[in-house]
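K.L.:
Sequence:
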Amino acid sequence: MKAYTDELFFIPQIIYYVNRVCTPDWVIERQNIDFHDFTFVLSGEGEYIVDDVVYPVTKGDLVYIPPGKWREANTSIENPLELYAFNMFLFDKEFKPATLPLPVISKLEYDPKVDHLLERIRQYNALREATSNMQATAQLMDIFSQVLVNLGVVQGTGSDPRVQKAAAYVTENISRHISAAEIGAAVGIHPGYLNKLTVKHTGKTVSRFITNIRVNMAEEALVYEGISVSAAASRFGFSDIYHFSKVFKKNKGYPPSTAKTLLR
Numbered sequence: 001m002k003a004y005t006d007e008l009f010f011i012p013q014i015i016y017y018v019n020r021v022c023t024p025d026w027v028i029e030r031q032n033i034d035f036h037d038f039t040f041v042l043s044g045e046g047e048y049i050v051d052d053v054v055y056p057v058t059k060g061d062l063v064y065i066p067p068g069k070w071r072e073a074n075t076s077i078e079n080p081l082e083l084y085a086f087n088m089f090l091f092d093k094e095f096k097p098a099t100l101p102l103p104v105i106s107k108l109e110y111d112p113k114v115d116h117l118l119e120r121i122r123q124y125n126a127l128r129e130a131t132s133n134m135q136a137t138a139q140l141m142d143i144f145s146q147v148l149v150n151l152g153v154v155q156g157t158g159s160d161p162r163v164q165k166a167a168a169y170v171t172e173n174i175s176r177h178i179s180a181a182e183i184g185a186a187v188g189i190h191p192g193y194l195n196k197l198t199v200k201h202t203g204k205t206v207s208r209f210i211t212n213i214r215v216n217m218a219e220e221a222l223v224y225e226g227i228s229v230s231a232a233a234s235r236f237g238f239s240d241i242y243h244f245s246k247v248f249k250k251n252k253g254y255p256p257s258t259a260k261t262l263l264r
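For the sequence shown, our numbering assigns the number 264 to the last residue and increments by one with no breaks.
Keep in mind that a hint or two might mislead.
What the hints assert, rightly or not - Think about it this way: if two alpha-carbon atoms lie no more than 27 Å apart in a straight line, the pair counts; the simulated DSS-like pairs of lysine-lysine are:
1) 246 - 260
2) 252 - 196
3) 113 - 246
4) 113 - 69
5) 113 - 93
6) 59 - 69
7) 252 - 165
Stated by the list, open to error - Derived DEER-like restraints, expressed as beta-carbon distance ranges:
8) 190 - 226: 21 to 31 Å
9) 13 - 174: 31 to 41 Å
10) 130 - 152: 30 to 40 Å
Don't read these hints as lab results, they were simulated from the structure. From the three backbone atoms N, C-alpha and C, an ideal C-beta is built for every residue, glycine too.
Please build the complete structure, drawing on both the sequences and the hints.
P.N.:
As C-alpha cells, then:
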C-alpha cells in the first residue's frame with residue numbers, strides 16, 4: 001500500500017449508521033452505490049461482493065467501498081456478522097469529492113482507541129441530541145486518522161502511546177534544550193529504543209522529531225500570534241536567531257521572516 005507524505009484531510013457526511021448484529025438471513029441486495037461504505041467487522045463471517053468479486057470477511061476486517069461500485073453482501077448462517085457500518089459522502093479540505101486511499105478489505109489489529117471511538121459514535125447515535133451528528137462526525141474523522149496510521153498509509157505518532165507521550169513531553173518543555181535521554185527517561189524507555197520508535201512511526205530520528213515540533217510550533221506563533229523571529233527563537237528553544245532561521249528554512253523551505261506572508 002502506498003505511504004502518503006502529503007497532508008490527507010477527509011470530511012465525512014454520515015447519511016446512515018448502524019451497529020448491526022445480523023440475522024442468519026441478512027443480505028445486502030446488489031446495488032450500484034452513490035456513497036462510501038465504511039464497515040468494521042466486529043465478529044462473525046460473511047461475504048461482500050464488489051463489482052462481482054467475492055471478498056470473504058471476518059473479525060478484524062475493514063470493508064471500504066467507494067461510490068460507483070456494485071455492492072452486495074451476505075452473512076454466514078452458523079456464524080452471523082456483527083458490524084459497525086457507515087454510509088457517507090466524503091470530501092477533501094476544499095469540499096471536493098474525495099476517496100479514502102484504502103483497498104476493499106483491510107485487516108486491522110485490535111486498537112482500543114478505534115474501539116472507544118466507535119462506541120462513542122454508537123452513544124451519540126442513541127442520544128440523538130442537537131450536536132450528536134457533529135460529534136459523531138468528529139469521532140469518525142479521528143477514526144480515519146487512526147486507521148490510516150495503523151495500516152501504514154501515513155506515518156504518525158497516533159499508533160504508539162510512547163511516541164505520543166514523547167511528543168507531549170517535548171511540547172511541555174519546548175522553551176529549553178531537551179535530550180533524547182531526558183525524553184526516554186520521561187517515557188520510560190531507553191533513548192536508543194525511543195529513536196527506533198520515532199523513526200518507525202514518524203520517519204524521523206529523535207533529534208529531527210524534536211526539531212520538527214519546535215519549528216511547527218514556532219511557525220504557528222509567527223503566523224497567528226504575530227511574534228517576532230527573535231521571540232520565536234527564544235520561546236521555542238533555539239540558541240539564537242541565526243540558528244533558528246537556518247533550521248527553520250531547512251525544514252520549511254523558506255525563512256521564518258516570510259512565514260506570515262506566505263501562509264496567511
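K.L.:
Look at the Cβ atoms of residue 13 and residue 174 and judge whether their distance stays inside 31 to 41 Å.
P.N.:
holds, 37 Å
K.L.:
Between residue 190 and residue 226, does the C-beta distance stay in 21 to 31 Å?
P.N.:
violated, 41 Å
K.L.:
Check whether the Cα positions of residue 246 and residue 260 lie no farther apart than 27 Å.
P.N.:
Holds, at about 17 Å.
K.L.:
Holds or violated: are the alpha carbons of residue 113 and residue 69 at most 27 Å from each other?
P.N.:
With Cα atoms ~30 Å apart, residue 113 and residue 69 exceed 27 Å; violated.
K.L.:
With the threshold set at 27 Å, check whether the alpha-carbon distance from residue 252 to residue 196 stays at or below it.
P.N.:
Holds, because 24 Å separates the two Cα atoms, which is no more than 27 Å.
K.L.:
Between residue 113 and residue 246, does the CA-CA distance stay at or below 27 Å?
P.N.:
violated, 39 Å
K.L.:
Taking 27 Å as the top limit, are the C-alpha atoms of residue 113 and residue 93 close enough?
P.N.:
Measuring from Cα to Cα gives roughly 24 Å; hence the hint holds.
K.L.:
Range hint 30 to 40 Å: satisfied by the CB atoms of residue 130 and residue 152?
P.N.:
About 38 Å separates the Cβ atoms of residue 130 and residue 152, which means 30 to 40 Å holds.
K.L.:
What's the verdict on residue 59 and residue 69, does the C-alpha distance respect the 27 Å limit or exceed it?
P.N.:
holds, 23 Å
K.L.:
Is residue 252 within 27 Å of residue 165, Cα to Cα?
P.N.:
holds, 25 Å
Against the hints set out earlier in the document, violations occur for numbers 3, 4 and 8.
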